[in-house]
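Each residue of the sequence shown is one higher than the one before, starting from 138 at the first, in the numbering used here.
To be clear, the hints were calculated from the coordinates, so they are not data collected in a lab.
Please note: incorrect hints may appear among the correct ones.
Estimated spans, in silico, between C-beta atoms of each pair [as the list claims (entries may be wrong)]:
1. V269 - T328: 53 to 59 angstroms
2. A314 - D275: 35 to 41 angstroms
3. E454 - G326: 35 to 41 angstroms
4. P398 - R260: 28 to 34 angstroms
5. A474 - A331: 16 to 22 angstroms
6. T328 - R199: 39 to 45 angstroms
Note that CB positions come from ideal geometry on N, CA and C, so glycine has one too.
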Amino acid sequence: MKVLTLLGTRPEIIRLSRVIPLLDERCEHVLVHTGQNFDDRLSDVFFAELGLRPPNHVLGIRGSFGTQLGSLLPQCERLLAQHRPDRFLVLGDTNSALAALVAKRLGIPVYHMEAGNRAFDERVPEELNRRVVDHASDVLLPYTERSRQNLLREGIHPRRIYVTGNPIFEVLTHYAAQIAASDVLNRLGLTAGAYFLVTLHRAENVDHPARFSRLLAALAQLQTTYGVPVIVSTHPRTRQRLESRRQGSSAGSLAEDAPLPADVRFCEPFGLFDFVALEQQARCVLTDSGTVQEECAIFRVPNVTLRDVTERPETLECGSNVLAGSDPQQVVECVAADLRHTLTQHVPGAHMLTLHQMVEAHRWWQRGQQWYSTVYPLYQIGRLLTNPSAGLIREAGAAMAAGVWRQSVRDVRAWLVDYAIKKAGYHAICLY
């Protein structure tokens, strides 16, 4: 069995960091990095930090959406034709995931992790990617039951959908010692619980000058209100917009905006261990990242999302997350409300599943399949032999002609899958 896994951004590297070695052990595995996150601080550093092997291929995708797509599709077509994998695995909703279209056209089964996420807002660039990749996929692997329901409502057959749980908990658990050993608070001169942590990188936030200006004003007001540092892990896209703002080259009157307080610190992007250590000790985390929303729910850290919508509604329901939009006063009020609300938090169950549990579920499924392949045919033969009213050949032929046998096969296999799910406590599927 040969599996080709394609990734392109920091969240994909992190989420797949425990899946990649497992696939390396169990099958012939080809790893392709599109290079969508072209900055080394968002790519190479994570491979090194997480101890992952280098990708087999790096495509060097750059530029605008159209340029990325025009380079991604032919390069992926060439690689798929070269390696001819039996499975194509992709995670998430980035532009890199659109390579699933090529695999689908070449007849290669597509497996999509993080399927079914929906913000129900077409202004979000990733929303279209999610729908396209989901409907191009053969096997869909959503994290939660809510995401599964989203897929069912869009007409995707339930037999193609398997709820796997969220891989981020496995990642955080595996690297817990390295995270605990981080000295990032000392390096930055911070005290646990006495700073805010911010990530801000989405196109709908930083590529619109007026909205970006409001969010910066919100950070300034937050620092003034609480008198503690505001630490911003600054994405290269955000850094470019800040430079444009300082030079007065953005549209509108951004160059005339009041300067930010000195304790709103725009730091270089942190590695995973440093960032999670900061996340765990923050008074509150403000973000537009989906992964950070989930991590805050797991750590029970107050989280305010600087967006109008989220594709992770479970984080809202569990009490860790509040949607704030971009209005400065509303952001400050949401932070205050979230800080008061933390005692009622609970962690969504789908965020706490592990790859070990997924493998255990698959083992139970295999045992059931062995039972089916050995016992069920014997049962059918015995039933026919003991039926005095019809001969074996005549009844078997009539049953097959009527489709009864084929329906029985489908029914038993469906029962086996349900049995494996109940035994393990959740849905699972294996790629190898």
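Distance restraint hint 35 to 41 angstroms, applied to the beta-carbon atoms of A314 and D275: At roughly 38 angstroms between Cβ atoms, D275 and A314 fall inside 35 to 41 angstroms, so the hint holds.
Hint check for A331 and A474 - Cβ pair distance inside 16 to 22 angstroms: 20 angstroms, holds
Whether the CB-CB distance between P398 and R260 falls inside 28 to 34 angstroms: 31 angstroms, holds
CB-CB spacing for R199 and T328 relative to the 39 to 45 angstroms hint: 41 angstroms, holds
Cβ distance range 53 to 59 angstroms for V269 and T328, holds or violated: 46 angstroms, violated
E454 versus G326 beta-carbon gap, inside 35 to 41 angstroms or not: Since the Cβ atoms of E454 and G326 sit about 36 angstroms apart, the hinted range of 35 to 41 angstroms holds.
Checked against the numbered hints above, the structure violates only hint 1.
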